[in-house]
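Novice: Residue numbers (our numbering), protein chains in the order written: chain A, 1 to 295; chain U, 1 to 295.
Rather than coming from a laboratory, the hints here were simulated on the basis of the structure.
Which copy is meant is left open, because identical chains are indistinguishable; a pair holds if it fits in one copy or across any two.
Below, a list of computed lysine to any residue pairs in the SDA-like style, where the Cα atoms sit at most 25 Å apart:
| id | residue 1 | residue 2 |
| --- | --- | --- |
| 1 | K270 | D123 |
| 2 | K180 | E93 |
| 3 | K270 | D17 |
| 4 | K270 | P9 |
Number of protein chains: 2
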Amino acid sequence: MRTFFDCIPCFLRQTLDAMRFIGAPEDVYESVLRGVLEQASRMDLLRPPPEMGQVIHRTIRAAVGDTDPYRSVKERATRLALERLPGLRRQVEARGAGRFESAVRIAIAGNAIDFGVKASFRDDDLDRAVDASWSAPVDTRAIEALRGAAEDARRILYIGDNAGEVVLDRLLIEAIGPSKVTFAVRGSAVLNDATREDADASGLSALVEVVDSGSDAPGTVLPDCSEDFRRRFREADLVIAKGQGNYESLSGPEAVSLAGGRLFFLLQAKCPVIAAHIGFPEGSLVVMEAADPQG
Amino acid sequence: MRTFFDCIPCFLRQTLDAMRFIGAPEDVYESVLRGVLEQASRMDLLRPPPEMGQVIHRTIRAAVGDTDPYRSVKERATRLALERLPGLRRQVEARGAGRFESAVRIAIAGNAIDFGVKASFRDDDLDRAVDASWSAPVDTRAIEALRGAAEDARRILYIGDNAGEVVLDRLLIEAIGPSKVTFAVRGSAVLNDATREDADASGLSALVEVVDSGSDAPGTVLPDCSEDFRRRFREADLVIAKGQGNYESLSGPEAVSLAGGRLFFLLQAKCPVIAAHIGFPEGSLVVMEAADPQG
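Next comes chain A alone, as it looks inside the complex (with noise of 0.2 Å):
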């Protein structure tokens, strides 16, 4: 998804907001928005919108010196989800023959833990997304899909989002069945997107191969990624992308086409550019195979 003339408020919206939710020093604010300013004066618009992500908190962690910080945001998130895990998995399991629709929903519901579209979030916000997500309306003839595509897999790449969404991911995984799936992080810290020390934190890697992207970008922007990430991108029969990080670097045309195998995006989507380019209302769970470039 290249970028919208609406993302570009956005972009320094989102860099004043994480600059306070952080506690930067007001005299670095300064600083750091002249620097956004200048490169999205200069920014490719049909690039994705994490690339001026990944340029606004590059900017902001060398403004504070502090190589992660939404570092204790994180583990607080993962804290959170760990706690409500054994419940929410009970609720996934009883659900029998819908298991697989239920665990969906809540990977969903876990994509409320974003620190980037709003800048605060609270414990009880993630509740309420995971009240919300068991009616919500969602498309069942793409989650059909997904999971027809998740039996006939045999390599599943599985790239999270946050930390704390992907201690929720583990039910969604779990109904897959762990043995095919390998999961990814970002290669090191921006935002409060999970990085391999947040997937050690959320019992992912004693459950599943744990990779990372090799990018700091707050999605997956293929050039960006090591050459190992992008061979299992290619190699994968099957790619679960979660987020809209994700959903912004990976729809494009040259991304889906890089995928060897099918690409499903799970996510809510948060702000009304996504909104509008997927079609659905603000605010929804969305489920949605990327259309093959080819026909």
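Fit chain U to the given chain A structure using the hints.
Specialist: Chain U in isolation, oriented as in the chain A frame:
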């Protein structure tokens, strides 16, 4: 007032809103946004926001090749306000001793006609603003101070804001006594701000002397105004400045100390930054005297 960090995303949002509102061709959006980003990256944050507004609207006018893209909007606002004027005048005059305060309220209600903060304006928005203004909380002591200052003054400079709004300023000028009032408009077209053409169409030019600022800033940026305007600003016993743009550009200590007489602001606090700066809730009717920087 300096430019606050929160003004920066808003500059970009306003740029986009303005291009959509005036129906700019899509192919100019990118170059305009890049120009605004680049200029914002170098702006002096100690200067008031209308200086960036001036840059934004100059960039847009140059890109669309139209020296006054809000012309038809301004004409519509003027017609609407002229339609409402006789009825409002009857209501204001019927208030007897409350006439001055009522005229102040209606003049501030007219400040709702603004295409900067919100990119659209409908006829019933004015009617709603007028209805609300009759009973909205307002600082009656500040109004009494203004009435006293107006009675004492021999030379009053009344700095208008938007087309349409200036029609309703007539009621306050009538309450003050037009003979000692000079009315100031922008030097040339910017946004929907009133220019001499709008003052003529509003019937103001038949009522009072009309001067222009000599500047196309959407406010009163004194260093950018004509020497004639600055002289009038210094020599007036009382300056009445309408709207956010005039507040932003005239509330700093340099501008306040240049005013030879007393300086009052009349506005609706339409954005959170201004509301916080003034210390009024967003949406308030504001009547306030500038504090003398000499103490």
